[in-house]
Structure formats: structure tokens, C-alpha cells
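Number of protein chains: 2
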Amino acid sequence: MKRPLILVTNDDGITAPGLRHLIRYMKEIGDVVVVAPDSPQSGMGHAITIDSTLYSKQVIIDKADGAPLEYSCSGTPADCVKLGLQEILDRRPDLCVSGINHGANHSINVIYSGTMSAAIEAGIEGIPAIGFSLCDYSWKADFNPCEPWIKRIVRQALENGIPEGTVLNVNIPKTEKPLKGIRVCRQARANWREQFDKRTSPTGKQYYWLSGEFELLDTGTDTDVHALEQGYVSVVPTQFDMTAHHAMSQLNRWKLND
Amino acid sequence: MKRPLILVTNDDGITAPGLRHLIRYMKEIGDVVVVAPDSPQSGMGHAITIDSTLYSKQVIIDKADGAPLEYSCSGTPADCVKLGLQEILDRRPDLCVSGINHGANHSINVIYSGTMSAAIEAGIEGIPAIGFSLCDYSWKADFNPCEPWIKRIVRQALENGIPEGTVLNVNIPKTEKPLKGIRVCRQARANWREQFDKRTSPTGKQYYWLSGEFELLDTGTDTDVHALEQGYVSVVPTQFDMTAHHAMSQLNRWKLND
Chain D
1070 MKRPLILVTN
1080 DDGITAPGLR
1090 HLIRYMKEIG
1100 DVVVVAPDSP
1110 QSGMGHAITI
1120 DSTLYSKQVI
1130 IDKADGAPLE
1140 YSCSGTPADC
1150 VKLGLQEILD
1160 RRPDLCVSGI
1170 NHGANHSINV
1180 IYSGTMSAAI
1190 EAGIEGIPAI
1200 GFSLCDYSWK
1210 ADFNPCEPWI
1220 KRIVRQALEN
1230 GIPEGTVLNV
1240 NIPKTEKPLK
1250 GIRVCRQARA
1260 NWREQFDKRT
1270 SPTGKQYYWL
1280 SGEFELLDTG
1290 TDTDVHALEQ
1300 GYVSVVPTQF
1310 DMTAHHAMSQ
1320 LNRWKLND
Chain F
1070 MKRPLILVTN
1080 DDGITAPGLR
1090 HLIRYMKEIG
1100 DVVVVAPDSP
1110 QSGMGHAITI
1120 DSTLYSKQVI
1130 IDKADGAPLE
1140 YSCSGTPADC
1150 VKLGLQEILD
1160 RRPDLCVSGI
1170 NHGANHSINV
1180 IYSGTMSAAI
1190 EAGIEGIPAI
1200 GFSLCDYSWK
1210 ADFNPCEPWI
1220 KRIVRQALEN
1230 GIPEGTVLNV
1240 NIPKTEKPLK
1250 GIRVCRQARA
1260 NWREQFDKRT
1270 SPTGKQYYWL
1280 SGEFELLDTG
1290 TDTDVHALEQ
1300 GYVSVVPTQF
1310 DMTAHHAMSQ
1320 LNRWKLND
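Sequences listed follow chains D and F, in order.
Be aware that the first sequence starts at 1070, since it is given in my numbering, and climbs by one per residue.
Be aware that the second sequence starts at 1070, since it is given in my numbering, and climbs by one per residue.
No lab work stands behind these hints, which were simulated from the structure alone.
Misleading hints may appear alongside valid ones.
Given that identical chains are not distinguished, each listed pair holds provided it fits within a single copy or across any two copies.
Calculated pairs, DSS-like style, for lysine-lysine (alpha carbon to alpha carbon, straight line, at most 27 Å) [what the hints assert, rightly or not]:
1) K1274 with K1132
2) K1096 with K1324
3) K1132 with K1324
4) K1324 with K1246
5) K1209 with K1246
6) K1249 with K1220
7) K1267 with K1071
8) K1243 with K1324
9) K1267 with K1126
10) K1220 with K1132
11) K1096 with K1132
12) K1071 with K1324
13) K1243 with K1220
14) K1249 with K1324
15) K1267 with K1249
16) K1096 with K1267
17) K1246 with K1267
18) K1220 with K1267
19) K1071 with K1096
20) K1209 with K1132
21) K1209 with K1243
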């Protein structure tokens, strides 16, 4: 079988340890091309760059033999995927992987996640895609426990194909103990209880830092948050058709037309 | 009945004509507070500001009697909603409306849309929310035909409540003819066929402009794109649980665990 072509990206930037680990795993499975942001893009959601210019250049970060082709891009994770597919790769990749994110992207976080926006962008283009996140925000997080699980999920995705209209959101718990396995889950219902930290600048201008506390609103045992708490890797099939089909009959009872 | 409290925001910025129209309609229905970006935020998706500071200040844009309280914010549309709910409003609003966007947010565009990210952010917080877009990108677009339809949808939403876990994505076609009515639709399957416009700066640096052509991949007659083409206002119930529930059984057949 021909080696698969794998596009690798992330949202923490091209030098992030999580990305370097993911590149190393993917090199064992296929031919790798990297297109990643030149600076951190966390919390960028599905932003794209439409009112300013994009820069991209080939970079050499890993000087070892067999190092992959790498390109940095001044844009968002979604921009990286668009640019990679349209301008950099000479054929459609067999897979796009994004991450490994330094931090969790479970539950509602999928919607704020730059990591997942890159995977979703590839999914919209019909490319099988997976976002990987380790539930450890540290730049020095220990990514080694991720390796066998990520390789297994990637090999299964290449073998079985990812269901159409779907990308995978994979989170790996931070734990000292061995991971227990992989669970297919639904996205837990949760939100952030915002807390704005109000400060005054040296010149007297008031400003805010956005922060908040995660609030789980879901006691289900079939959620990603529950799987992670139990020591499992969570896999949530994630769709970009956001239609709430179940809500349509209720809306059709509204008096919208005379 | 007590007048409802309505939080109004957008992604085109606080001076955008589309926002000014929406404020005027909402003032007839309830008490209005505006928290909107101080500059255009189109294409921001669900970005939030986590690695830099946020500024917000009260502004006076409309000097007429009965003008609403207005605040500009240096952040994204999602930031505006978070800041409005947490720091500016003294009680939970009964409704959050976003728009009127200068341009379409139908089909896959919901995922790139700053307008919809504001509505979704309010929805995540449990606030009934609606995003409004006019399919006309011009700053001088004629918003007048929107008025009766927007008021009707808002009144129906306040009367019936919006289904839980759902926000409404409303698009209004640009047409010379009278609008035919309102249709509850699903999001059409579509994507963008990217075209990067590659240029060289005066100093010799290569850069790109992201552009593309909209590609409809859906021949259904129950979609938002079809409704708009037929001269109807489209209403898509939009959810932020992105779990592809239908894909779970297929993934459970993968060899994920030994």
C-alpha cells in the first residue's frame, strides 16, 4: 500500500512540543507535510483571515534526516489548512491531524478550539481529519503516554475511513496511571462561568482579562468529560452541520407566516 | 408584561448600518443594551480573546432621546457577549440578537461567522439568541425590507421561547421583489473553493489574499440556500452540541481497544 500523505497542523504554533510529538508519530505512518501557525492561536475558534494579508514560508525546525517539509503561516489554524490544501500540497492528503494541543478541548471547548477548527476545516473539504488534545496546559507537558493511542486511532481512521461529514475530537487525560483505553463519547454539556479580571493600565486606562471557571452541566456517563475523568481517551465524532434537526418541528408551530 | 431586556451585538462593528437598524427595531420591542466590537470582526468564527487584554467603554453613537446604553469592546463578538453578560448588564437579558450582518451567513458560513458566534455564545449561556444576516455585503445595503420579518421572528421567539440548546440563524435574501415569507430550514451542505491571490509586497515579500468561490453541494429543497433563492427568509435552528450522534455506532465498530 502507498504511504498515506498526512497534513499536520495545530494552534499552539509550529515550534510547540505537542506538534513536534505528533509529527514524529505521523512520520512512522505516512509522508508528512506540516503547515502550522507561526505564533500561538489558542482560542481562535474557526476564525479565518479575510481582511488582512497572509504570509507563509518554508521553515526548517527539525534538521534530522527524513525531516518533513514544513511551512509556517501568519494566519489562523483554519487558514493553515486552506493554504496547505490549495497552495502547498500537490495532491489531496489522505488525512489531516491537528495538535497535540497543550490543553483540553472536550465538551463545549470544541467551539472555541483552534485545534479543532483546523480539523473541521479539513473535514469541510472532505479530508478525513482528527484533532488531538492532551489535558495538560503546560508547555512542558509529558506527551509520551499519548503515542500508542494516537497511532492506533490514526491507523484505524486510515483503515476504516471517518464517517462522512464528521471529524474526530480526541482528548487524552493527564494522569500518572496507565490509560485504560479509548471511549467513543458525546460532547458533554458544559459552559464557562466567566470572570473578568478588571485592571488599570499604567496610563490609567481600564482593561480586562477574560478568565473563567469550567462548569459541567452534565451527569451523563457517556460524555467525553466522564471518560477522561475515568482515565480513558475520549473520541467524539464532531459534525459541522450545525442544524438542530430535532428543533424544526417546534419552530414550524410558530406563527411565522400569516 | 414587563418589557424584555435585549442585548444587541454584531460583528461588523458598533457603527455598522446593519446594527443601527437592528437597534431601532429592538427598541420598539424591549429595553436595549448594545455591546459591540469597536472594529469589524468578520470571519472571526468563535474566537475569544485569552492572550491579550480587552478594552470596553461606554459610547454615544445615537444622540436622540431614548437612545440605548451602548458599549464598544476591543474584542471579538463572543467576547462582547461574555463581557455584556458578566460585566455590563445588571440582570440576564431575555434575548440576545446579533447583526444585521452585512452579508450572508447561510449554509457552512455559520461556522466562520462572527455574527453567529455571538448568538451561539449567548445560547451556551442559556440566553435565547438569534443571528440576523442580510445577503448583501454592501455597507450601503437596503435594510428596510428586513424590518417586519425581524420583528416577527423576535416577537415569536419571546412568546414561544427558543428550543433549548438551539439558537436561530436567520438570513434575509437581497431581492427587489417583496419577500415571500419565512421558512424553517436545515443548513445547506456547501463549502468554499479557495483561491489564494498570491502577490509580492513593495519590499519583495510574498503574501496571499484568501478568497474563494462558494460551492453548493446540496440539491435539497429544504435548505437555507434554496429558501433564499426562492425569495424566503430562512431560519435554521443551530445547535452547539456538535456531536455526530449518528456516527457513533460506526466508530464503535473500530478496533480501538484490544
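For K1246 and K1267, with the copy left unspecified, which applies at a CA distance of at most 27 Å: within, between, both, or neither? For K1246 and K1267, neither the intra-copy (39 Å) nor the inter-copy (50 Å) Cα distance is at most 27 Å.
With identical chains, the pair K1071 and K1096 could be close in the same copy or across copies; at 27 Å between alpha carbons, which is it: within, between, both, or neither? within (14 Å within a copy, 63 Å between copies)
First find the shortest C-alpha distance between K1209 and K1132 inside one copy, then the shortest across copies, and answer within, between, both or neither for a cut-off of 27 Å. Answer is within: at 21 Å inside a copy they meet the 27 Å cutoff, but 54 Å across does not.
Between copies, within a copy, both or neither: which fits K1220 and K1267 at Cα up to 27 Å? The answer is neither: 44 Å in one copy and 36 Å across copies each exceed 27 Å.
With 27 Å as the alpha-carbon cut-off, assign the pair K1267 and K1249 to within, between, both or neither. Neither. Shortest intra-copy (42 Å) and inter-copy (49 Å) distances fail the 27 Å Cα cut-off.
When no copy is named, should K1249 and K1220 be tagged within, between, both, or neither for a Cα gap of at most 27 Å? Within. Shortest intra-copy distance 16 Å satisfies the 27 Å Cα cut-off; inter-copy 53 Å does not.
At 27 Å max between alpha carbons, let me know whether K1249 reaches K1324 within a copy, between copies, both or neither. The answer is between: 15 Å across copies meets 27 Å, while 52 Å in one copy does not.
Within a copy, between copies, both or neither: where do K1220 and K1132 come within 27 Å Cα-Cα? within (23 Å within a copy, 62 Å between copies)
As a check of your reading, is K1243 near K1220 (CA-CA no more than 27 Å) within one copy, between copies, both or neither? For K1243 and K1220, the Cα distance is within 27 Å only inside one copy (18 Å; across copies 49 Å).
With identical chains treated as interchangeable, where does the CA-CA distance between K1274 and K1132 reach 27 Å or less: within a copy, between copies, both, or neither? between (46 Å within a copy, 25 Å between copies)
Cα distance capped at 27 Å. Does K1071 pair with K1324 within a copy, between copies, both, or neither? Classified as between: cross-chain Cα gap 22 Å, same-chain 58 Å, threshold 27 Å.
Should K1096 paired with K1132 be assigned to within, between, both, or neither, using CA atoms and 27 Å as the limit? within (14 Å within a copy, 62 Å between copies)
The structure fails to meet hints 3, 7, 15, 16, 17, 18 from the earlier list, while all remaining hints are met.
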